[in-house]
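Visitor: Reassemble the complex: the two chains are provided individually, in unrelated frames, and hints are given to aid placement.
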Amino acid sequence: MTAIRTVLAAARDVAARVPDPELPMVTLADLGILRDVTAEDGQLVVTITPTYSGCPAIAEIAHDLKHRLRQAGFDAVTVRTALAPAWTSDWITPAGRQKLAAAGIAPPHPAPVADRQGPVPLVLGATRRRPPVPCPRCGSPGTTQTAAFSATACKALYRCDACREPFEYIKDI
Amino acid sequence: MTDDEFTVYEGLAADDEDHRWAFGTGFTDPLEGVDTSVPDGVDSVALAAYCLMLGDDALVYSHRLQQWITRMPELEEETALANIALDLLGQARMLLARAGRAEGAGRGEDQLAFFRDENEFRNVRLAETVDGDFAELTGRLLIFSAWRLALFGQLTGSADPVLAAIAAKGVKELSYHREYAAEWVIRLGDGTALSHAKMQAALEVIWPAVDELFRADAVTAMLPGVAADPAMLRGEVDEVLRTVLAAAGLDRPDRPPMAAVAGKAGRDGVHTEAFGYLLAELQSVARAHPAATW
Chain A
1 MTAIRTVLAA ARDVAARVPD PELPMVTLAD LGILRDVTAE DGQLVVTITP
51 TYSGCPAIAE IAHDLKHRLR QAGFDAVTVR TALAPAWTSD WITPAGRQKL
101 AAAGIAPPHP APVADRQGPV PLVLGATRRR PPVPCPRCGS PGTTQTAAFS
151 ATACKALYRC DACREPFEYI KDI
Chain B
1 MTDDEFTVYE GLAADDEDHR WAFGTGFTDP LEGVDTSVPD GVDSVALAAY
51 CLMLGDDALV YSHRLQQWIT RMPELEEETA LANIALDLLG QARMLLARAG
101 RAEGAGRGED QLAFFRDENE FRNVRLAETV DGDFAELTGR LLIFSAWRLA
151 LFGQLTGSAD PVLAAIAAKG VKELSYHREY AAEWVIRLGD GTALSHAKMQ
201 AALEVIWPAV DELFRADAVT AMLPGVAADP AMLRGEVDEV LRTVLAAAGL
251 DRPDRPPMAA VAGKAGRDGV HTEAFGYLLA ELQSVARAHP AATW
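Those sequence lines, one after another, are chains A and B.
Residue 69 in the working numbering sits at position 69 of the first sequence; the count goes up by one each step and never skips.
Residue 50 in the working numbering sits at position 50 of the second sequence; the count goes up by one each step and never skips.
FYI, nobody ran anything at the bench for these hints, they're computed from the structure.
Fair warning: there could be bad hints in the mix.
What the hints assert, rightly or not - Short derived list, chain B residues pointing at chain A, Cβ under 10 Å:
{"#": "1", "residue": "T28"}
{"#": "2", "residue": "L88"}
{"#": "3", "residue": "Q91"}
{"#": "4", "residue": "A105"}
{"#": "5", "residue": "V130"}
{"#": "6", "residue": "G132"}
{"#": "7", "residue": "R178"}
{"#": "8", "residue": "Y180"}
{"#": "9", "residue": "V205"}
{"#": "10", "residue": "V244"}
What the hints assert, rightly or not - Okay, the calculated bits of chain A under chain B, using three or more residues with CB under 8 Å as the criterion:
{"#": "11", "stretch": "10 to 17"}
{"#": "12", "stretch": "49 to 56"}
{"#": "13", "stretch": "132 to 141"}
As the list claims (entries may be wrong) - Cβ-Cβ distance ranges computed for the label pairs, FRET-style:
{"#": "14", "chain 1": "A", "residue 1": "V7", "chain 2": "B", "residue 2": "D43", "range": "42 to 48 Å"}
{"#": "15", "chain 1": "B", "residue 1": "M72", "chain 2": "A", "residue 2": "T93", "range": "32 to 38 Å"}
{"#": "16", "chain 1": "B", "residue 1": "P39", "chain 2": "A", "residue 2": "R35", "range": "21 to 27 Å"}
{"#": "17", "chain 1": "B", "residue 1": "E120", "chain 2": "A", "residue 2": "A82", "range": "29 to 35 Å"}
Where is the CB? At the ideal position from N, CA and C, for every residue including glycine.
Only chain B is shown next, with the shape it has when bound in the complex (with noise of 0.2 Å):
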C-alpha cells in the first residue's frame, strides 16, 4: 500500500488492538500522557470536588445545547450549535477525568457522568434549565459563555498545571461562544419589535439563576490559588453584559435571585425538577448496559 492509499477506515480492518467496531467509537482517556499528580501542597480532595463542579457545569449545559439539535431556524446554527456542544463536551470530558485522577478512588469520565444520582452533580442551576424559546437559548449561551470565560481567564493562572492547561485551551472556545450568543442577543433585541419583546423576556426568565454564579462555595475556599473566587469574576461579566444589552436596546432585568433550599443550590447538590429528567436521558443507555464500551 502506498501513502496514497491510506485512508482512516483502514486501521479499522486491521488485525491489531485497535478495538473500534466503527469510524469515532473507541474513547480513549482524554487526558493520556497527561502529568495528572496533584501538586505539593493542594488538597486534592478539594481539586477533584473543585473539577466536578466545572465539569458538571459543561457537561449539563452542553446536553440541554444538544436537546436544541434539528429544532434550530437554521442549518447554519445547527452546526453552531452542534460544534459549541461539542466543544463543551471535551472541556467535561477533561475536568471529570481530572477530577476521577485527583480523587484517586479510580473512577473514569464515564464513571462520573452516567453513575452519579442528582444529588452527587455540582453544576449550576443556570446549566440546567430549559430554555422557552430561540431567545431563552441565546440570552443563557451569552451569560453562561461570559461567566464561563471570565472563570478560565483565571484559570489560566491556576498552580494546577492541568486545570491551567484545559481552561488555556476553553478560552480560545469560549471567547467564540461568547461572540456568537452576544451577537444573537443584538441582532433580536435590536430587530422588530416582536424579537425585542422576545429578547427581553428572555432575560427576565434567566436572570434569577445568574446570582448563584457567584456565590461562594467550601469547595473554592480550600483551594487558595488553585481555584477562583466566583465573587470577583462578577465585575468583567457585568461589563460583558452591560455591553451587549446596551447595543441591543435591552434593559438589565430586575428580578430577586432564585431561592435556595435551605441555603443550599447547585454546587451543594441541590437541583431543579427540570434536572431530574434530563439526567434520565443523559444517563439511561449507560445504566441500562452498565459493561458496555464504545
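Chain A extracted, bound-state conformation (with noise of 0.2 Å):
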C-alpha cells in the first residue's frame, strides 16, 4: 500500500504542476480544476472539472496532463470529467490568488452562495455595485467594470480609476 501511496503522490505532484494553457502563471491545482489522481486496474487516472461549459481548454488540459505524465513515467493515463459538483472560483488556492494578482490579473471575490431551494434572484445594476476589485498593479480600490467578459469565459474587463492602466478580474461564479 505505501509504494502506491509514493508512486500516487508523485503522479499527484506532477498533474499538479501542469500550467493551466490560459492562464499559464497558475496550475491545473491553483485553480482547482485538478478534482483527484487514483488508481484504477494498473491505469492512472486523473480527474479534472471544467470551469465554465464551453471552456475550450479542456482539450488542451488533457493532452497536457497525459504528456506530462507520460514524460515522468506513467504511460496508461486515463483522464476523466467531473461535472458536479460544479467548478467554483472560491476553489482557486490561496497561492493561485497571489500568482494571479502578481501577473495583473485580480483575483475573485467569495462567490455569492447559491440558493438551490429557489429561482436565483434577479440583481439589477449588480454588476456596478459589486464590492470593490482592487487595482492588482498599484492596489487602488477605486476601479470601474469596462466589460462583464473579456477574453476568456472566467475572466471580465475593469480599468483602474488612479492609474488608468486596464486590467482582467476572474468572475466570482
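Guide: Okay, structure coming up:
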C-alpha cells in the first residue's frame, strides 16, 4: 500500500504542476481544476472539471496532463471529466490568487452563495454594485468594470481609476 | 526541459497519441469519464429526446449569437456575446452527447449537430429567429436566458444525475447572461426617445414567440422527476420580465402567440423559414467533408 501511495503522490505532484493553457502563470491545482488522482486496474486516473461549460481549454488540459505524466514515466493515464459539483472560483487556492495578482489579474471575490431552494434572484445593476475590485497593479480600490466579459469565459474587464491601467478580473461564480 | 520552459505548444510536436494539428483543435468527448448510465425507471428514449430539445435550443441560439460577431457596437460587447455563445455551445455539446448516449444508437454530438435535417431539430422557434437590430438581440437574450435559467434551476433536482450536473453548471452561466441582457434592455428602454422606441418595438416583434416556451410537450410528460414542466416556469420568467420592463419604463406587449402549424411547433420539428438558412450555414462544411475531423 505504501508503495502505491508513494507512486500516487508522485503522480499527483506532476499533475498538480501542469500549467493552465490559458492562464500559464497558475497550475491546474492552483485553479481547482484538478479534482483527483487515483489508480484503477493499473491505470492512473486523473479527474478534472471544466470551469465553464464551453471552456475550449479542457481538451488542451487533458493532452498536457497525459504528456507531462508520460514524461514522468506514467504510461497508462486516463483523464476523466467530473461535472458535479460544478467548479467555483472559490476553489482557486491562496497560492493561485497570489500568482494571478502578481501577473496583473485580480483574483475573485467569494462566489455568491447559491440558493438551490428557489429561483436565482435578479439583481439589477449588480455588476456595478459588487464589492470593489482593487487594482492588482497599484492597489487602489477605485476601479470600474468596463466589460462584464473578457478574452476568456472566466474573466471580466476592469480599469483602475487611479493608475488608469486596464486589467482583468476572474469572475466570481 | 525544466518546468519553466514548458509551453502549451510542446504537446503538438511530441510523438505520441496526440492528433491535434494546432492549438485549440482535437475535440474530446465532453462527457469523457462521466457515468452516463440511465437511472433505473427512466425511459431512455424519452431522456434522449429531452436532452436533444434542450441541446438544440442552445446550439441554434448560440449560432444566431455567433452571427452577430463583428457586427456589435463595441469590442466589449463582441467579447460578451462570444462568451455567451461559447457557454451555450458548451451546454449544447454536453446535452447532445448525453442524448446520443441515452439513445444508444452510436450517434455522437457531431452526428446530431451536423447530420440531422430541419424537421429533426427540436428547438423552440424563439431561438432560431433572426434579430432585426441590437434591441431585438438584447430583448431575445433576456427572454431566452431568463427562461433557460428558470428551466435549469428546476433541473438541478433532476433524477438524472448527468442532467442535474449540466444544469447546475449552466445556472451560474445563465444568471450572468440574464444580468447582462437585463442591463442592456434597461439602458435602451430608459435611454433616449429613439432607443426607447426601438426597444419597445423589439419586444413587440419577439413577443409572439414567448408563449411556445411554456407549451406542454409529449416528451416532458414521459419523464416525471427528470424533466421540468414548461408551464411551471412561467411565474418566474414573468416576474423577471415584469421587474426589468418596469425598471426600463417599457410596456409588456399584448400580442397573440405565433401560430402552430397543424398543432405543431418547434418541439415537434416545425420551424420557421429562416431556420433552413441557419442550418445550411451550420452544417454545410461538415456535410461536404463527412469524414473530416477537427
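Visitor: Hint numbers the structure violates, sorted upward?
Guide: The structure conflicts with hints 4, 5, 6, 9, 11 and 13, although it agrees with all the remaining ones.
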